[in-house]
Amino acid sequence: MRALLLMIPVALAGAAFAQEAGKSVWQGIYTVEQADRGAGVYAQRCGACHGAALNGTGEAPPLIGGEFVSHWDTMTVGDLYDRVRTTMPQNDPQSLSREDYADVLAFLLKTNGFPAGSQPLDKRSEVLATIGITAEKPAGM
Amino acid sequence: MKIITTLPLSVAAALLLTTAAGAQTPAKEGTVAARTTNGVANWTTYNADLKGSRYSPLDQINAGNFGNLEIAWRFKTDILGSRPEYKLESTPLAVDGIIYTTGGTRRAVVALNGATGELLWQFALHEGKRSAESPRALSGRGLSYWTDGTKRRILYVTIGYRLVSLDADTGRPDPEFGENGVVDLKKDFDQDLGDLDTGEVGVHSAPAVSGNTIIIGAAFREGFTPKTHNNTKGYVRAFDVRTGKRMWTFHTVPKPGEFGYDSWLNKSADVNGNTGVWTQVSVDEELGLAYLAVESPTSDFFGGKRPGNNLFGNSLVAVDLKTGDRKWHFQLIHHEIWDLDNSSAPLLMDVTVDGKPRKVVGLPSKQGFFYVFDRATGVPVWPIKETKVPKGNVPGEWYSPTQPIPSKPPVYSRNGYLESDLIDFTPELKKKALELTSKYQLGPVYTPPIVSTPEKFGVINNWAQGGTNWPGGSFDPETGIAYVYACGTCISSTGLQPPPPGLSDIPLVVGVAGQPVTMIKGPGEGAGADSPAVAPAPGAGSGPPRLAVDGLPLMKPPYGTISAIDVNNGTIKWQIAHGETPDFVRNHPVIKAMGGIPRTGQATYQIGTLVTKTLVIAGENQFTTTPDHPRGAMLRAYDKQTGKEVGAVFMPSTQSGSPMTYMIGGKQYIIVPTSGGNSSGEFIAYALPGKK
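These protein sequence lines map, in sequence, to chains Y and U. Taking the numbering used here, the leading residue of the first sequence gets 1, the next gets one more, and so forth. Taking the numbering used here, the leading residue of the second sequence gets 1, the next gets one more, and so forth.
Rather than coming from a laboratory, the hints here were simulated on the basis of the structure. All values reported here derive from a predicted model rather than from experimental measurement. Where hints are given, some of them may not hold.
[Said to hold, decoys possible] Here are some chain Y residues the structure puts well away from chain U; computed CB gaps all over 12 Å:
(1) W26
(2) A60
(3) I64
(4) T76
(5) D79
(6) R83
(7) T86
(8) P93
(9) R98
(10) E99
(11) P115
(12) S118
(13) D122
(14) K123
(15) V127
(16) T130
[To be verified] Below, in silico cross-link-like pairs of lysine-lysine (DSSO-like), each with a Cα-Cα straight-line distance of 27 Å or less:
(17) U:K456 / U:K432
(18) U:K385 / U:K592
(19) Y:K110 / U:K322
(20) U:K129 / U:K187
(21) U:K592 / U:K573
(22) Y:K137 / U:K359
(23) U:K573 / Y:K110
(24) Y:K137 / U:K430
(25) U:K87 / Y:K137
(26) U:K439 / Y:K137
(27) U:K255 / U:K322
(28) U:K322 / U:K439
[Unchecked claim] Among chain Y residues calculated to face chain U with C-beta under 8 Å, some are:
(29) T57
(30) T87
(31) M88
(32) M141
Ideal placement from N, C-alpha and C gives every residue a C-beta, glycine not left out.
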């Protein structure tokens, strides 16, 4: 019974964002302004290891190109957001604000060719978890 | 320093409590050889044995059933540190039903029930600043086991470079070893490291333990942008396994009067560092020799501060196990300036060459050569010819006019990049590749580095991460065939730039024309459990173009391979692409229009192989999503004789350390260390369904 009771709030939370479900990273989920802000944060906090052109240096992997995108294929933007938020910068995780992390993510999405839109990327992991990443643009989008 | 031991449930008690318990059979002094007794088979050193084989004779898991493997248990390492680790490289040991391994950002030691994965005990040193300052953080490659038949010890080196001896049954430090179970490796080092917290040295590898002798190597910050050429020297030391007392030291950079000192012109041996042994040490217990695969001196791509051939840099050195005296050496690269440092454990193989039994040592390498020597004398089994190589024009550099090139076996991995290596799926792609590479230097093996300019950013190469890296090779002791993974397209561009004031005392470090030169961090550096924040880095403008063409890799497949090298006759028996074709290649419109291409393998250097009675086993290091499986990676098994894939099983994460195998209660298990992407470190144990 206990397991069943625990499931109810989760189900309700899911319902609250039902209209978001099935969203895709190909649908314009960040703004150009946000990505531009993110470029500044990236240069300050990420570029030393991942490279000015996101090509990666030494052990830090590239954050651009097919390998990066396919690495996250079928995951959600929330997965990527929380991976960055909880582990980066590698020597000082969780040291940026949630807004800054969202801005950096917008910059990564823009750099990797995902389209910008009119609404900025949310800063809540649970909302971002409803946006799917697909390496290939789905038909009709 | 704070010692944390938890769950002091004795292993003996755990053995009694589990059905998996194997009888604790008497063992000879030293490490216990792999054996199958009462349904128990062990894996007692990092590489299965001190010869570096990564071989187990087990055959319950075979070609006929490999695809039926299922996950038996999983052990997540997140709790073994202040933050999760995404670079789990440790290979566990299995001793009489118990798994011992390092793990987590704290490099904790754990003992697990081998049948269930249940935690039996955990030990960790909390080393504070000393750990935070370490050039080699994170969980490391593993630990070592020793017994004299009564005492049973687990030995490992902490992030802060302390050698610890633990009671294998309880996880408690051995009070008779060092000071309360700990030897401070930064002391008694034949050199003064200054402040013990900040003195630069650490190591990822597992200690080599033979008889009463523990051999420990040394590793340093990465050498792209070192602060100084005069950093710590990577001496190799041996310690008594019972007391922790130092037995001998081998000066990898000779002191005045020692053999090899003259190979550093202008007495430059006095003022250069590194030259450590950061990979595993192998030991021939019958010959009484330890084999040291020595890395490069400081710095990786500029050697102007160390004119001369620089012994024992990039040498394979055989030393007496009891005294550390050098028996023989062979320098594989003179005056190394490519970051092609010795990466692999020496493979001590018994083969038959021209009808005669030979005891040989084989060494895989980043440069795709497989060097083979008589391991008693150091004489090459097949001629290794001094070959003229191009001289570079970097100001202040000293160049060796020749380099040793093996005549046999053939090169098993790309070690240079020419126009003929560029992508050529279509003429258009090839044309674009040629345009792109016009801004870079191409060339064969030992093409020297260049100063980066806006016209030529650097040399396109596989120096740092190509060929065979730290996982090394493996071999079948029954057939004399070595199985070696190599990355054929782990390319980057390397150019040199003067450092900004205060960054380094070396005139040229790695940099790109037009870009600020910044300190480049090494593996896990600044990422360990106690690492503090650092100041934000300065902003940077746009960099040089990516080494890709229309989103496809610049170089032709195969991207990663496993080669079977027959060391009886110096030939490559077979070579296969290892790893599913990456999604971004397989799904690329050009590839689809071609109707697909044969499996390409993957561009990664993290793959170690496991050899069993009939199989070569290795997982994938990249996630793929294919029509056959959801996002994940495959653990693959190949027929040893042919290289034909005979089975594959899904892994929810990617292989990041080398797999191992063992048996408990008559059941064979395979453990794969995994991490990567959004998956933090986890050991995943596979076994066949049902069978007890």
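Status of the hints after comparison with the structure:
1. W26: 15 Å, holds
2. A60: Non-interface label fails for A60 of chain Y: nearest chain U Cβ at 8 Å, not farther than 12 Å.
3. I64: The claim breaks: I64 of chain Y does not keep its Cβ more than 12 Å from every Cβ of chain U (closest is about 7 Å).
4. T76: 10 Å, violated
5. D79: 5 Å, violated
6. R83: 5 Å, violated
7. T86: 8 Å, violated
8. P93: 6 Å, violated
9. R98: 18 Å, holds
10. E99: 17 Å, holds
11. P115: 17 Å, holds
12. S118: 27 Å, holds
13. D122: 18 Å, holds
14. K123: 18 Å, holds
15. V127: 17 Å, holds
16. T130: Label holds. Min Cβ-Cβ 16 Å, cutoff 12 Å.
17. U:K456 / U:K432: 17 Å, holds
18. U:K385 / U:K592: Not OK: K385 of chain U and K592 of chain U at ~45 Å, beyond 27 Å, violated.
19. Y:K110 / U:K322: With Cα atoms ~60 Å apart, K110 of chain Y and K322 of chain U exceed 27 Å; violated.
20. U:K129 / U:K187: 17 Å, holds
21. U:K592 / U:K573: Distance ~32 Å between K592 of chain U and K573 of chain U Cα, so the pair is violated.
22. Y:K137 / U:K359: Distance ~57 Å between K137 of chain Y and K359 of chain U Cα, so the pair is violated.
23. U:K573 / Y:K110: Not satisfied, since the Cα-Cα distance of roughly 47 Å exceeds 27 Å.
24. Y:K137 / U:K430: 26 Å, holds
25. U:K87 / Y:K137: 31 Å, violated
26. U:K439 / Y:K137: 32 Å, violated
27. U:K255 / U:K322: 21 Å, holds
28. U:K322 / U:K439: 53 Å, violated
29. T57: 5 Å, holds
30. T87: 7 Å, holds
31. M88: Since chain U brings no Cβ nearer than about 10 Å to M88 of chain Y, farther than 8 Å, the hint is violated.
32. M141: 16 Å, violated
Checked against the numbered hints given earlier, the structure breaks hints 2, 3, 4, 5, 6, 7, 8, 18, 19, 21, 22, 23, 25, 26, 28, 31 and 32 and satisfies all the rest.
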